[in-house]
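Protein chains: 2
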Amino acid sequence: MAPTSETLTAERILEATEEVLRRHGPAKATVVDVARALGVSHGSVYRHFRTKAALREAVTKRWLDRTSGELSGIAAADRDPEARLRDWLTALFAAKRRKAGDDPELFATYTVLTGENGTAVSEHIADLTAQLTRVIQAGAETGSFTAADPEATARAVFQATARFHDPGYAQEWRQEGVEADFEAVVDLLVRGLRA
Amino acid sequence: MAPTSETLTAERILEATEEVLRRHGPAKATVVDVARALGVSHGSVYRHFRTKAALREAVTKRWLDRTSGELSGIAAADRDPEARLRDWLTALFAAKRRKAGDDPELFATYTVLTGENGTAVSEHIADLTAQLTRVIQAGAETGSFTAADPEATARAVFQATARFHDPGYAQEWRQEGVEADFEAVVDLLVRGLRA
Chain A
1 MAPTSETLTA
11 ERILEATEEV
21 LRRHGPAKAT
31 VVDVARALGV
41 SHGSVYRHFR
51 TKAALREAVT
61 KRWLDRTSGE
71 LSGIAAADRD
81 PEARLRDWLT
91 ALFAAKRRKA
101 GDDPELFATY
111 TVLTGENGTA
121 VSEHIADLTA
131 QLTRVIQAGA
141 ETGSFTAADP
151 EATARAVFQA
161 TARFHDPGYA
171 QEWRQEGVEA
181 DFEAVVDLLV
191 RGLRA
Chain C
1 MAPTSETLTA
11 ERILEATEEV
21 LRRHGPAKAT
31 VVDVARALGV
41 SHGSVYRHFR
51 TKAALREAVT
61 KRWLDRTSGE
71 LSGIAAADRD
81 PEARLRDWLT
91 ALFAAKRRKA
101 GDDPELFATY
111 TVLTGENGTA
121 VSEHIADLTA
131 QLTRVIQAGA
141 ETGSFTAADP
151 EATARAVFQA
161 TARFHDPGYA
171 QEWRQEGVEA
181 DFEAVVDLLV
191 RGLRA
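Those protein sequence lines, which keep their order, are chains A and C.
Under full-length UniProt numbering, the residue at position 156 of the first sequence is numbered 156, and the numbers go up by one with no gaps.
Under full-length UniProt numbering, the residue at position 74 of the second sequence is numbered 74, and the numbers go up by one with no gaps.
Everything labelled a hint here was simulated from the structure, so no lab data went into it.
Warning: the hint list may mix true and false statements.
Reference excerpt, derived from the structure (chain C facing chain A, CB under 10 Å, subset only) [to be verified]: (1) GLY143; (2) THR146; (3) THR153; (4) ARG155; (5) VAL157; (6) THR161; (7) ASP166; (8) GLY168; (9) ALA180; (10) ASP181; (11) GLU183; (12) VAL186; (13) ASP187; (14) ARG194.
Ideal Cβ positions, reconstructed from N, Cα and C, are used throughout, including at glycine.
Produce the complete structure using the sequences and hints provided.
Shown next as structure tokens:
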């Protein structure tokens, strides 16, 4: 048996799927395309992902998880909650801008995929809001923030900063003045949290 | 000469254009279509709008101006700035939701038109931000709000509430809990302004 099929993990399949998406766009990335790229039978891929939809959902989730993974350390750090909040929002904006700016074609492809995979997107938003809740909770405990309901407040902060992380605004992220706009929104929110 | 052509104002042409858009969608609404709907020669329409692009831009501007027109009275009223700000944001959200919900097909048509007419949209945002600046300026003068730069603060408030007026979020406006989300964002921003 060839070593390729022995070492065929879900992660390797997802890496190959992303590579197929990068080369061929969202219309491709079927199980057959991915199996071909890996030089394995499509049966081997099906053992990990039973349908094309499952494969596409998993690769979308992996793409979104990369961002939440990057941010989780900031949310969990044992530091001043206000600094943590500012750093977290800055890192979220930076991560989304990087994804949109560094590889616009792959970003466009994932925009199609996120449109198809509402559950993966909702889970991603829930992950990020949970991280934000943790920071706001910490601020409420130390008395830096006033937040009777940290979860609702986290949701409000997330929604109020949508312009700086919702991929629908990716075009605006290249415009002059966007950093100043971001700072002004974050300052206003932090003042609201402190009050 | 028929009275129709004697009384052919730009406003009447734009009304007819909106009616053509309502019936036939964004692909239609050429000068010829509109002239036919009015029972006049296309030359008469061209005297008011020299190109199809000018006609489509004007009808888009008229649609957007209806919202800013509704809101200008709230911004200009001689009342407590905080109440004015809350009412203004509530009225903006209500106006956008009404447009999206009452006539979804016309809304979709105008979404195509606003995509084509970036200048009309920028002017609309500038109009609304100027109204908001006026309210925040009033709050800064009475001491209810802290805002060193009322224009920058107005821009931040407008951007932070995008979820509740940007047509890109129209799908979310029908979801349960959207009013509570709106209140949470507005409360946080008002707290920030007061601080």
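Regarding the hint that GLY143 of chain C lies at the interface with chain A, is the smallest CB-CB distance below 10 Å? 15 Å, violated
Given hint VAL157 of chain C near chain A, where the shortest CB pair must fall under 10 Å: 7 Å, holds
Under the criterion of a CB-CB separation shorter than 10 Å, is ARG155 of chain C in contact with chain A as hinted? Holds: closest Cβ of chain A sits about 7 Å from ARG155 of chain C, inside 10 Å.
Would the stated hint for THR146 of chain C survive a check requiring a Cβ distance to chain A of less than 10 Å? 8 Å, holds
Chain A contact restraint on ASP166 of chain C - CB to CB distance below 10 Å: Constraint on ASP166 of chain C satisfied, holds at 8 Å.
Can the hint on GLU183 of chain C be confirmed by a CB-to-CB distance to chain A that is less than 10 Å? Nearest chain A Cβ about 9 Å off; hint holds.
Hey, does the THR153 of chain C contact hint survive, CB to chain A under 10 Å? Given a least distance of 7 Å, the restraint on THR153 of chain C holds.
Answer holds if the nearest beta-carbon of chain A is closer than 10 Å to that of ASP181 of chain C; otherwise answer violated. 6 Å, holds
Is the shortest C-beta separation between THR161 of chain C and chain A less than 10 Å? Holds. Min distance 7 Å.
Chain A contact restraint for GLY168 of chain C - C-beta distance below 10 Å: 5 Å, holds
Can ARG194 of chain C be said to touch chain A, with a Cβ gap under 10 Å? The hint holds - ARG194 of chain C has a Cβ within 10 Å of chain A, the shortest such distance being about 6 Å.
Would you settle whether the hint for VAL186 of chain C is holds or violated, based on the nearest Cβ-Cβ distance to chain A being less than 10 Å? Cβ of VAL186 of chain C sits 9 Å from chain A, so the hint holds.
In terms of the numbered hints stated before, the structure departs from hint 1 and from no other.
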